[in-house]
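Enquirer: Below, each chain spelled out in residue letters.
Number of protein chains: 2
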Amino acid sequence: MAPQLDGFFSQVDSLSDHFIERLRKAVAIPSISAEEARRPDVVRMGNFLADELKALGAEVELRELGKQPHKEHLDLPPVVLARYGNDKSKRTILVYGHYDVQPADLSDGWNTKPFELTIDEKDRMLGRGSTDDKGPVLGWLNAIEAHQKAGVDFPVNLLMCFEGMEEYGSEGLEDLINAEGKKYFADADAVCISDNYWLGTEKPCLTYGLRGCNYYSIEVSGPGADLHSGVFGGTAQEPMTDLVRTMATLVDTNGKIQIPGIMEQVAPITADEETLYDEISFEMETLHEALGSKTTIFEDKKLTLMGRWRYPSLSIHGVEGGFSAPGAKTVIPAKVIGKFSIRTVPDMDIDKTNECVYKYVNEQFAKLGSKNTMKVFAQHTGKWWVASPSHWNFNAASKAVERVWNVKPDFTREGGSIPITITFEEATGKNVLLLPMGSSTDGAHSINEKLDKRNYIEGIKLLGAYLHYAAEEPTS
Amino acid sequence: MAPQLDGFFSQVDSLSDHFIERLRKAVAIPSISAEEARRPDVVRMGNFLADELKALGAEVELRELGKQPHKEHLDLPPVVLARYGNDKSKRTILVYGHYDVQPADLSDGWNTKPFELTIDEKDRMLGRGSTDDKGPVLGWLNAIEAHQKAGVDFPVNLLMCFEGMEEYGSEGLEDLINAEGKKYFADADAVCISDNYWLGTEKPCLTYGLRGCNYYSIEVSGPGADLHSGVFGGTAQEPMTDLVRTMATLVDTNGKIQIPGIMEQVAPITADEETLYDEISFEMETLHEALGSKTTIFEDKKLTLMGRWRYPSLSIHGVEGGFSAPGAKTVIPAKVIGKFSIRTVPDMDIDKTNECVYKYVNEQFAKLGSKNTMKVFAQHTGKWWVASPSHWNFNAASKAVERVWNVKPDFTREGGSIPITITFEEATGKNVLLLPMGSSTDGAHSINEKLDKRNYIEGIKLLGAYLHYAAEEPTS
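Going down the list, the sequences are from chains X and F.
Following this note's numbering, the numbering of the first sequence begins with 7 at its first residue and continues without gaps.
Following this note's numbering, the numbering of the second sequence begins with 7 at its first residue and continues without gaps.
In case anyone wonders, no lab produced these hints; they're calculated from the structure.
Hints are not guaranteed to be accurate.
Note: identical chains are not told apart, hence a pair may lie in one copy or across any two.
Capping the alpha-carbon separation at 30 Å, the derived lysine-lysine pairs in DSSO-like fashion look like this [to be verified]:
1) Lys341 with Lys307
2) Lys73 with Lys31
3) Lys307 with Lys96
4) Lys262 with Lys381
Starting from the given sequences, assemble the full structure and let the hints guide the process.
Expert: Below is the structure:
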């Protein structure tokens with residue numbers, strides 16, 4: 007039986023100015039987690055959220071996480087844990103979001119003041135954090151308020167976990183989630199995270215997969231200190247030469263990874279999966295626009311999406327220790343560190359992938375016959391994640407999308423990683439759904455970040471509708 | 007007939023404390039040309055020199071060079087031009103030096119205050135500029151004073167050119183030398199520059215050659231802005247991959263340049279030249295010590311010296327535009343610029359070398375089949391220099407070394423470049439000699455720069471003796 011949503015929907019429309027006002031207040035707090043001087047603003051933003059939640063009748067805890075690692079003079083901002091409803095006859099949905107934002111300054115090239123929500127003639131709501139992730143976080147609060155004012159019973163118990171360090175590596179959160187998996191989060195029947203984006207601008211999506219990321223360093227050293235190339239060029243073996251020649255063997259121009267044992271781990275594509283790609287709304291033109299060029303590896307949509315989502319990729323990020331400033335300097339760097347990473351996919355194993363990388367890089371370096379010293383190691387690793395898109399949690403979200411947007415959602419993966427997704431999955435043992443509110447053009451980490459008014463208001467309806475369908479959906 | 011030098015020599019010994027005091031005063035002026043805030047100190051140092059020269063009876067001009075290029079709020083420090091003696095029956099020797107110094111700060115790791123001349127238990131005179139180049143510059147002044155006080159007739163007319171921007175690219179000097187080549191410097195019969203170092207610590211040398219330097223950039227660009235490797239990895243061709251693969255084809259681990267047409271330009275070695283190498287005092291152990299490791303290309307002295315002096319070398323200096331900080335960042339850089347340089351030797355031609363580089367790099371990039379855009383260009387070029395070591399100017403210096411140090415000097419080249427050498431040669435049309443005062447361990451651009459007291463005092467005798475032999479040496 008389809009849930010009765012009309013009352014809730016019309017209440018959201020009636021309250022839209024009020025909800026935009028709430029977002030305006032949130033955007034006005036410059037809760038930049040990466041900047042030490044803004045730490046009080048991050049804390050202020052956590053308190054703002056806690057106060058709003060309390061006013062809506064939620065039970066709220068501000069969980070302190072202690073000192074920031076490597077910055078012992080700084081307290082981490084609190085995690086806002088909240089519960090709305092405690093009816094044993096209802097399902098319990100755990101939602102996650104973050105209230106901190108990326109750095110932003112007018113001088114970076116913003117067209118408007120980044121911490122003043124500005125609505126332009128196209129109903130784009132410009133401001134830092136509008137789409138990442140204050141809009142979606144407030145979406146849950148707004149859904150609660152609209153139910154209250156419409157007199158509609160809230161369909162589930164809602165557990166909320168809002169952190170203030172997402173843009174700085176979610177410091178401290180993993181331990182908290184692991185500790186609370188069977189305690190504060192024990193009742194959760196499913197998890198929903200609204201912190202990513204539609205694939206394009208017109209069609210909503212549900213996201214069921216993320217790539218992992220193994221980040222490597224190749225360190226080559228020889229001389230005791232940087233040398234003058236006039237004095238030593240032609241007499242010393244140069245670490246930079248060895249590094250460049252080693253890194254050149256990792257991947258080719260078309261992204262083909264040259265390290266044996268990587269592609270062999272990739273799960274073969276199934277017929278079902280192929281079908282999903284055919285239906286997805288995605289234009290190469292949109293990609294070219296996002297890229298700012300036509301320098302794509304593939305010319306067609308399907309191979310491109312597979313390249314982003316379901317195959318590993320290897321990127322060389324740069325070199326530490328060399329001359330990296332503009333101009334000319336005739337230095338022979340004594341120690342250089344090349345950085346590259348591999349985006350991982352099912353069924354790649356982190357340890358096996360590391361072994362393949364270490365073996366290959368060592369072999370390639372050995373071929374050079376150099377007296378210099380080389381070390382290759384993983385700076386950090388993170389597992390890929392794929393959920394079952396046929397789980398009731400996804401079915402509920404899919405029906406909500408159809409109800410709100412009148413279209414079946416695309417089932418997408420993301421090329422990037424959101425490590426906290428796996429943490430929630432493993433700590434709760436429940437299905438995790440990524441349910442985005444904003445679109446691909448929102449510019450989450452860029453200048454002129456925005457959330458379309460339509461995506462915000464319809465997004466509030468979507469989050470609420472999802473909870474209704476989640477309450478009713480049979481276990482699959 | 008050997009010149010009578012005993013009176014001059016014993017006067018130098020008698021005045022040694024006074025000469026060290028003069029160096030102490032000079033070192034105390036922090037004339038750092040690279041630091042804007044120190045510009046008044048650079049000017050003060052020029053004035054100090056001018057005053058000392060006037061007190062010795064020299065005619066002195068402070069030549070202003072106008073504003074510093076790209077820093078129009080800054081006046082360049084003046085060039086000190088001076089003449090001591092104007093006797094048409096005597097030869098005229100033009101000497102060059104610089105009165106500015108490299109940056110230095112106690113916090114860099116100095117054991118003593120860098121701008122306080124400190125003499126340690128081994129009679130090393132520590133202080134910024136002691137050896138580079140205040141000691142040698144004052145050497146000429148001290149030689150004049152010792153002649154005066156010993157009542158010995160000064161054997162030549164001395165033209166002096168002391169600049170204050172050597173450590174910052176000798177801004178403005180080239181134009182002045184070219185303009186004065188047939189004017190202020192018109193009388194010069196030969197040129198002597200004391201601004202380099204012995205090959206080791208025990209045996210003096212005369213330097214007759216320098217390598218040139220062509221500095222190149224390879225710029226690869228594609229996307230409109232830096233990309234997130236999670237989102238775009240596997241879908242876009244990456245400039246960094248293309249750059250690394252192109253740079254990897256330039257040179258091998260043993261320094262062998264892979265670009266056709268470079269080695270083909272190198273002058274074949276002659277029997278005479280081979281003999282010079284055999285006699286040179288140079289130990290691989292000293293090189294290992296300077297290098298801080300044993301990662302040399304060659305195991306023997308002769309090939310090593312040839313690698314430094316008479317063959318070209320190619321060094322890769324770094325990458326601009328990539329991620330070059332410590333830690334991990336998953337960026338796909340939109341535009342990266344690889345920097346490398348080729349040290350050039352006789353008979354390499356700058357234009358021909360550029361053509362070979364451009365052709366090869368373009369071919370290598372084309373092989374990648376990339377949609378990215380590549381540009382290769384020379385940032386700056388500079389010619390090699392080789393003088394005739396059998397010129398009377400060198401003969402005079404050689405005899406002076408034998409007289410002062412009781413040993414025949416090594417005839418050396420340098421792997422680096424001193425562009426002003428060629429400028430003097432071309433502007434005056436005269437032979438240029440490099441006559442070093444300090445030794446290889448002086449640490450000219452490093453912390454704890456020093457000049458051994460012995461090298462300073464005997465160096466003053468050497469400069470004076472050289473002038474006497476230069477006055478008498480028959481034209482060769």
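Enquirer: Please go over all the hints and tell whether each is borne out by the structure.
Expert: Going through the hints against the structure:
Proximity of Lys341 and Lys307 under a CA criterion of 30 Å is satisfied inter-copy only: 25 Å between copies versus 42 Å inside one chain copy. Proximity of Lys73 to Lys31 under the C-alpha cut-off of 30 Å is restricted to the intra-copy arrangement: shortest distance 28 Å within a copy versus 52 Å between copies. Taking the closest pair of Cα atoms, Lys307 and Lys96 never come within 30 Å of each other, the shortest separation being 42 Å inside a single copy and 85 Å across copies. For the identical chains of this complex, Lys262 and Lys381 are neighbours both inside a copy (24 Å) and across copies (24 Å), given an alpha-carbon limit of 30 Å.
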